[in-house]
Each structure stands twice: as structure tokens, then as C-alpha cells.
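Chain residues, written in single-letter form:
There are 2 protein chains.
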Amino acid sequence: MFPSVSRTLMIRPEDVKPSRDDLTVVGTFNPGAAQLEDEVVLLVRIAERLREQRDGYCGLPRWEPEHGIVVDWITENEIDWIDPRVIRNKKDGLVRLTFTSHLRVARSKDGRTVDRWCEERFLPESEWEEYGVEDPRITQIGDTFYISYVAVSRHGAATALASTKDFESFVRHGVIFCPENKDVVLFPERIDGQYVALHRPNTATPFGTPEMWIARSPDLVHWGSHSPLLGGSSAWEGDRVGGGTPPIRTERGWLAFYHGSASCHGSASCHGSERSVTAGKVGAYSAGALLLDLTDPSRVVHRSRQAIFGPETDFERNGFVPNVVFPTGIVERDDMLHVYYGAADTCTAVAEMSRSDVLAALG
Amino acid sequence: MFPSVSRTLMIRPEDVKPSRDDLTVVGTFNPGAAQLEDEVVLLVRIAERLREQRDGYCGLPRWEPEHGIVVDWITENEIDWIDPRVIRNKKDGLVRLTFTSHLRVARSKDGRTVDRWCEERFLPESEWEEYGVEDPRITQIGDTFYISYVAVSRHGAATALASTKDFESFVRHGVIFCPENKDVVLFPERIDGQYVALHRPNTATPFGTPEMWIARSPDLVHWGSHSPLLGGSSAWEGDRVGGGTPPIRTERGWLAFYHGSASCHGSASCHGSERSVTAGKVGAYSAGALLLDLTDPSRVVHRSRQAIFGPETDFERNGFVPNVVFPTGIVERDDMLHVYYGAADTCTAVAEMSRSDVLAALG
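Residue numbers (the working numbering), protein chains in the order written: chain A, 107 to 469; chain B, 107 to 469.
Bound-form chain A, shown alone (with noise of 0.2 Å):
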């Protein structure tokens, strides 16, 4: 029986004030989500652009740790746009970002509707958040919420390690994945003594498609056995694969929603660095679900065949980048399984499905 998902369409870009009037907010979505007491937290990835347009010209933000943001204009000659988030400068050849990101606390306490926003930003801070801070995940282990979250720069897309426990104040633990990494989940315990977490290193590897790997940590902070854990097979995922949703434990496995792409599959063209830029999405992303064993979560017990869950609604189907579901953060509240999910590029939404339902789906 394939699980019925009931979409609520939670935060668009207008909901949000930009961080100041030259800005403006195009993007409200990639979600991570914890439960904290009676309210479930959305540590929301904020991007924002240039208000201005200047005739002729390309107004490129980038954080400067003492100023703020700080904008480069470029000439649009000097200029090939990739798509509407992304350029290549002519005369170095490297990428530039046409926003910059950063995260907002939104919390709800029926977990479809934002009851309100707390001041507290979570802002770039280092030389590799230069052009952002994205796409947070959040899990809780004992009492502390760690986010890994991807830091992107000149340096490229690394992945990053904060952690809170009240979402108010953040610790940084630096950089956990070096570049290209992007999509680590943590496991919320510990297997055999160690961290565990999913993560997605080879974006631009010309020997393979992007795929997930599973590493292990003493502490959070150092990783190392890493090994590859799967590829894109099955027809909605295309040949292009990364983690969604922290895992969360059931009695049948380690349940984890990930995110497949379907556009690339057997195109050589799909190839190369026009592909990796960014989160690359250049066709429809949906979501499905995997099982791990429970004692070595490197063993695929099950996975989709089919997507839980893709593209189908208006605010999903049209966007930033349209066709794209994302899912970044889990909530459970009894058998309901609450999974928090970028859409379009643009919005945040919740998609409800019972729980034993996906694990029916997962044969």
C-alpha cells in the first residue's frame, strides 16, 4: 500500500522580511526541524538578492565577516548565465552565486502553521559561509540539537557543524565535510560507539554520479571510515542521489527520507561541472525512503522504488527551480510522520503520512 501524503504549504518567500532594504527575500525553504518541548522549530534556509537592478550590470552579495553584506557589480559582458541563481564569470572561469543565504527560527505548535519568528539569525561567520549558509538538518542527540548545515564560499560547498539547544544561542564546530560535500544527516545515537552520518562528497567526480556515503566519528567533529552506501537505480532517482531527513529509528530500521533526481539519467551531457554547480538541480527532484540496519546502518535493508513523494502541487511544480521536492527535516507525533521539505526552491512546506505506512511502502 503506497502512503497517502497530505502537502501544507507553510512559509513563501513574502512572508519574510529581508535583512535590509536593498534586499529581497526569493527563497524560504530547505527546512531543518526538531521538536523542542511543545512546539516544533524550523531553522529555515533565508536567500536573498539584490533589490537594485543597475542597466548593464550583475550585483553579486557575498558576507564580509566586519561588514555585512557587500555587493560586487559585474559587467553582464563579463557574464554566462547558467540559470537564474547561478553565473560563471568569463574572466576566471569560477562561480558566483547570484544570493546569499542565511537561517531563520520560525516555530509552529501544530507543526502546519508558523505561529511566530524569532529574532535570532544564524548568520555567515567564516571565510567559507562567504557566500551562504543553506540547507540545515537538525538532530537532536541527549539534550543538544547539532545542524549540520552547507557553507558555501570561494573555497566551495562544505559541509559545517553547529549545535544549540534552544535555538537561541548556536556553538560552532567548523567545518565537518570538506568541499564538494553536501546532504549530511546525523544519526540521533550512537552504533557501536561512534557518530554516524550520511553525506554526499562526489557533486563533481567525473568517474560516477553524485551518490550518498556513510562515515563514522568518535565526537561529531572528525570524521573517517567513510564508504560509499548508495546510487541513484530506480527510474524516479535517476543518477543522481543525496540525504534528506536525519534518520529516525523504527523496528524495522534506520527510516530515512532522501532526495533523487530523474533529469540526468543516461544523458552524457548531464556531466561536468554545469551539473555540480550548486545544488544542480536541473529536473525534477522527489522524495523517497530508506531503510538501514539498525545495528550497521551501512547495510541498505530496503529503499524506493518509486518516489513517497515528487513534484505535484502548484507551489511545488512552479518556483525559483520549478518540479523540485527537497526534503530536509522529520518531525514524528505518534504514528504521523511530519516531513519538512523545500519546494521549488522557494517555499517551505509539510507533507503528513502515516508512518507504518511508509514502512508498508518500503516492502
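The set of hints was computed from the structure by calculation and includes no laboratory data. Any given hint might turn out to be false.
Which copy is meant is left open, because identical chains are indistinguishable; a pair holds if it fits in one copy or across any two.
Claimed, not checked - Simulated pairs of lysine to any residue, SDA-like, Cα-Cα distance not exceeding 25 Å:
{"no.": "1", "residue 1": "Lys215", "residue 2": "Gln159"}
{"no.": "2", "residue 1": "Lys197", "residue 2": "Gly389"}
{"no.": "3", "residue 1": "Lys215", "residue 2": "Glu145"}
{"no.": "4", "residue 1": "Lys197", "residue 2": "Gly248"}
{"no.": "5", "residue 1": "Lys271", "residue 2": "Ala341"}
{"no.": "6", "residue 1": "Lys215", "residue 2": "Glu226"}
{"no.": "7", "residue 1": "Lys197", "residue 2": "Gly314"}
{"no.": "8", "residue 1": "Lys215", "residue 2": "Lys271"}
{"no.": "9", "residue 1": "Lys123", "residue 2": "Gly299"}
{"no.": "10", "residue 1": "Lys196", "residue 2": "Gln412"}
{"no.": "11", "residue 1": "Lys271", "residue 2": "Gly389"}
{"no.": "12", "residue 1": "Lys197", "residue 2": "Gly337"}
{"no.": "13", "residue 1": "Lys197", "residue 2": "Asp249"}
{"no.": "14", "residue 1": "Lys215", "residue 2": "Pro294"}
{"no.": "15", "residue 1": "Lys215", "residue 2": "Glu172"}
{"no.": "16", "residue 1": "Lys196", "residue 2": "Thr401"}
{"no.": "17", "residue 1": "Lys196", "residue 2": "Trp342"}
{"no.": "18", "residue 1": "Lys196", "residue 2": "Leu336"}
{"no.": "19", "residue 1": "Lys196", "residue 2": "Ala368"}
{"no.": "20", "residue 1": "Lys196", "residue 2": "Lys271"}
Assemble chain B onto chain A, guided by the hints.
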């Protein structure tokens, strides 16, 4: 004063017997080096390709754990040739190597002449070593020699760790830096209680050019606290640098040789996936030197404004990949440094120079 460098060609492909009758040795290069009792031990990368030529086909070797080397014969119309070492399969867009590499042990009393080859070989074993093991670097810590080497497979080019006390038997410690990551060198002692490595993670990032990073570890197996160390800046190194020899302690700081390539400087066309294929050697590679602060090795005290030595001799200028000097090993003998390197991706050579001259050249 610039150091005078004396170069000796040590090992050529014709000096080495192939692993099997149907293979031919095309490279004996990029050696790790260590002093063990009264001998210099070299761990040499042996690259082999198929002897057999079939009209209209290309034979691509790879390792299978149970069968050793197996060959995939692909029709030539399925293939785009990137260079003599690398093809791209038109069907799936993926890259394969035309050769496969393993490691062999050579021993030398004077550090310039190979006296004997050992029987023991370091062969691919894991799924992430399917296309070969390459470019070992050796660091002695206590009575153990740690070997960081590149593991290449359909999963990408990662760096794995092995150790030995005698170069007769080896212990493997798995992948320590996931794809894409090469040019990992370990420091010979803990600093501030932690092991330290230089690594080169971002070969294929679209945001920047390949640069060296630094990371720390409690146990040599798990790595974190990654941060960018240095990118190419001077003309000789263009916009591509990577670690070379493991750092050695001097009174002025940690001294390490590294490589830089000058070919891509300022050229947009050099970016993207073609350049990142395998070592991506598209132009002249030279050896520079850097000094890192003894107590805080993330601080660059000094670095080469000019290359210490570049491709000059016939064996450095001509070979499988012309114009390459690629330092990978170092042994100290009183005031003399013996820097072992790959020449033209074909031969192993040693460059001898005075340690005090090198330090004097570094400001």
C-alpha cells in the same frame, strides 16, 4: 640565494616487470619515501595498461577483489579521448582510466640507486580502489610509517590510509578523505594534542581553483576542523596547487614541498570537469616550498615566490605527461634534503639540495 638542485633519474618503466604477461608498465612514478634503518625505502606507483590492442576497441583495466585485474573492452565509437590516460564513455558520460596502478617497494642504500625490489606489493583491495591505488605519501610517527594514498574508483578519487612497520606487511585504515581529495600529507608529530594533515579537497569545485586545506584528527583516522590553507598565487603555480612531501620540522617552521601548475592561469576554459580528471595535469608542474608555523601550522610563514625546481631535464620534459615535476617524498641526510618525485608521470627521480639553501630561499 637560490638552492642548487642535483637531479638523478632512479626508476624507469622498463626497469620493472609487469604484474602479468598481458600488461605493460607505463609509469613508475610519484613515490612515497622513508628512511628505514640504513636504507631509503620507496613505495612506487606502478601504472600498467593492456599490452593487447584490438582494432576498434579500447581495453580498460580495473580490479575486482576476487579476480584481480579484469578488462572492459569498449568500442572506440563509444569513447571520447580526453588524453592518453583518460577516456569518457559517450553512453554514460563517465570517465575511466586507460591504466591501473598499484604500489611496489624499492630499497636504496645511497638514496640514488635502487638496490633491490621487494616481493610484497600493495594492491587494490576495496571497491573504492577499483581503478587503482596511486601517489602514496609516507610519514613516520613513532615506529610506524603511515601511508596516505589515492584510491580511485567509480566512486571518485579519495584518500585512504595504511600503515606498516617494515614495508613487508600493511594494515589498512580505510578512506580518511572522501572524494574528491588527493595530495594528503601527514605531519610527523601531534601539534596541540592533535594530528595534522594537509589535503587538497576541491579539485572540481566550480566556485574556486584547487587549493590546499589543513585538517586535524585525534587518531589519524577521523578528520575535522577543516580550513583553507593556501591557493595558487605566484605565476609559477598559476591557479592550481597541492601538497607534495610530508612536512619536516625545521627551526623556522614546518617545511614542505608542494606542487603548482602554471597552465591555467586566468583562463576560463581551464575550469570545469575536463581539467579535474585524475591528476588533471594540463601544463607544466613545478615544485615549490612552504614554511608553516611550528605551533599553528594553519599559519603560512613563507612560501615560494619561484619554483624551487621545475621540469628541465629530458626525463622531466618528455614522458606520459610532459613537463611534470611532482614531489611526493622526502628524506633528510644531515644538511641535505633528498626530494623524491615523479617526472613526466613516467619515472621516479630524486632532487638533492641543501636544507639551509632551501630555507634561505624562503625569505
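Hint check results:
no.: 1; hint: Lys215 to Gln159; result: neither (40 Å within a copy, 69 Å between copies)
no.: 2; hint: Lys197 to Gly389; result: between (29 Å within a copy, 19 Å between copies)
no.: 3; hint: Lys215 to Glu145; result: within (5 Å within a copy, 71 Å between copies)
no.: 4; hint: Lys197 to Gly248; result: neither (50 Å within a copy, 49 Å between copies)
no.: 5; hint: Lys271 to Ala341; result: neither (41 Å within a copy, 49 Å between copies)
no.: 6; hint: Lys215 to Glu226; result: within (19 Å within a copy, 65 Å between copies)
no.: 7; hint: Lys197 to Gly314; result: between (29 Å within a copy, 13 Å between copies)
no.: 8; hint: Lys215 to Lys271; result: within (18 Å within a copy, 60 Å between copies)
no.: 9; hint: Lys123 to Gly299; result: neither (44 Å within a copy, 46 Å between copies)
no.: 10; hint: Lys196 to Gln412; result: neither (41 Å within a copy, 28 Å between copies)
no.: 11; hint: Lys271 to Gly389; result: neither (37 Å within a copy, 51 Å between copies)
no.: 12; hint: Lys197 to Gly337; result: between (35 Å within a copy, 18 Å between copies)
no.: 13; hint: Lys197 to Asp249; result: neither (49 Å within a copy, 50 Å between copies)
no.: 14; hint: Lys215 to Pro294; result: within (23 Å within a copy, 54 Å between copies)
no.: 15; hint: Lys215 to Glu172; result: neither (37 Å within a copy, 56 Å between copies)
no.: 16; hint: Lys196 to Thr401; result: neither (50 Å within a copy, 41 Å between copies)
no.: 17; hint: Lys196 to Trp342; result: between (35 Å within a copy, 22 Å between copies)
no.: 18; hint: Lys196 to Leu336; result: between (36 Å within a copy, 23 Å between copies)
no.: 19; hint: Lys196 to Ala368; result: between (30 Å within a copy, 19 Å between copies)
no.: 20; hint: Lys196 to Lys271; result: neither (45 Å within a copy, 51 Å between copies)
When held up to the earlier numbered hints, the structure conflicts with 1, 4, 5, 9, 10, 11, 13, 15, 16, 20 and fits the remainder.
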